[in-house]
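S.K.: What follows is each chain in one-letter form.
There are 2 protein chains.
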Amino acid sequence: MKHNSGQSRMLVAVDCVIFGFDGQDLKLLLIKQNNGPQKNKWGLMSGWLQPGEDFGEAASRMLYELTGLEDAYLEQVSAFAAEPRQPKENTVAVAYLSLLNINASQLQLNDQYQAQWISLQDLPGLIAGQVRMVEAALERLRYKAAIHPLLFELLPAKFTIPQLQILYEAIYDSIFDKRNFSRKILSTNLLVKQKDKEKLSSKRGAFYYKLNKRRYSATFNAFLHFVADPGDLK
Amino acid sequence: MKHNSGQSRMLVAVDCVIFGFDGQDLKLLLIKQNNGPQKNKWGLMSGWLQPGEDFGEAASRMLYELTGLEDAYLEQVSAFAAEPRQPKENTVAVAYLSLLNINASQLQLNDQYQAQWISLQDLPGLIAGQVRMVEAALERLRYKAAIHPLLFELLPAKFTIPQLQILYEAIYDSIFDKRNFSRKILSTNLLVKQKDKEKLSSKRGAFYYKLNKRRYSATFNAFLHFVADPGDLK
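These protein sequence lines are chains A and B, in that order. 64 is the number of the first residue of the first sequence in my numbering; add one for each residue after it. 64 is the number of the first residue of the second sequence in my numbering; add one for each residue after it.
These aren't lab readings, by the way, just hints derived from the structure by calculation. Where is the CB? At the ideal position from N, CA and C, for every residue including glycine. Please note that a few of the clues may not be correct.
Residues from chain A shown here face chain B by an in silico Cβ test under 8 Å; the list is partial [said to hold, decoys possible]:
| no. | residue |
| --- | --- |
| 1 | N153 |
| 2 | V157 |
| 3 | L263 |
| 4 | K266 |
Quick look at which bits of chain A chain B covers, simulated, 3 or more residues with Cβ under 8 Å [said to hold, decoys possible]:
| no. | segment |
| --- | --- |
| 5 | 107-117 |
| 6 | 135-142 |
| 7 | 182-191 |
Full structure from sequences and hints, please.
M.R.: Spelled out as structure tokens, the structure:
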């Protein structure tokens, strides 16, 4: 139905909104622009889609280049248009959401990018058009994490329930009742209690848990309802 | 971080996967290609993103051109790449999902497109690259409709619970228990019972219901759980 003669060709970018958690704060992995009109501004890891490449492949390639990780969580958030990055150049961009454990031993940041983990509460001004990508990715993260167990991607292999609760509270920017939270999380049967305790945070200590990986994979796409009413989410 | 010199410019398309329901079958609104190498093949309503236009605006423009509707449900599903539509031409496409009431009086199909509602069970071969868009849109529809009340978009203003159940069964390609289904739907308080009955389908007849539009808007983004376990959905 549509003809391609006279149609504008556009540059097609992929932008990665990479979330991490350090035990206290939800953070974004940002890189510093080292040249061009946006020099010294912070921005998302991004690049151009290559001919013959699918969007997911491009996002994986960029994440690998920046972090050395090959199997991190990646999800397409949305395609955006209408904000030219270069004067007079039409650009569209597809935003991806990724979740990383900041302290994972496999994570090796590529020096070339001057990447830094920056707390969501202290975000610097981003390069044009990327603020709405971060907002859309955060909204998607809140939506998905309310019903799916994907936040475990942000945690180390061994974690306590208070640590998990701090993560949920950081993402939803709210306080959850301790007993309800613990009951709801344990009722999913996704956690396996360990014998040792974390004793730095409190005198009594808190038992460590590990993820039941078999059950995690099996039920990931079921609706497990971690947050009853996460607000006005799309 | 990325430079645009030497990068490929691409054609950027928007494709609309338009679902409708006629009381029995879930259908897709398809149009016939009237020229080019795909002449006489069926395909999705689609077009090129225009410079300065956002993706949602482009999808609305195409839906309006085809149906005359201005405020139908539209949701971005995913961006796809890597399947050139024209020989040697790099193309990316963003798929949108739309839901229409086939019998709505405002719906006026534009003759120019030779559009037809075709049952999902009798789909003809589609033009290249569109099958995966239809599959992704159907998967998204199943996911969203399991937890949000969006299927009412497909129904007339007045409908019976058996009609609603037929719609759910068509979308999930499964059979739901009548009493459970009715109990779950009514417990949302989204439906307002009418005084009259539909009497063509059964001797006893079934009461008509209307949507409580205020409550529908207020709770649309809450998780209402219409389908307990819709399977392996993403």
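S.K.: Checking against the hints above, which ones are violated?
M.R.: When the structure is compared with the hints, numbers 3, 4, 7 turn out to be violated.
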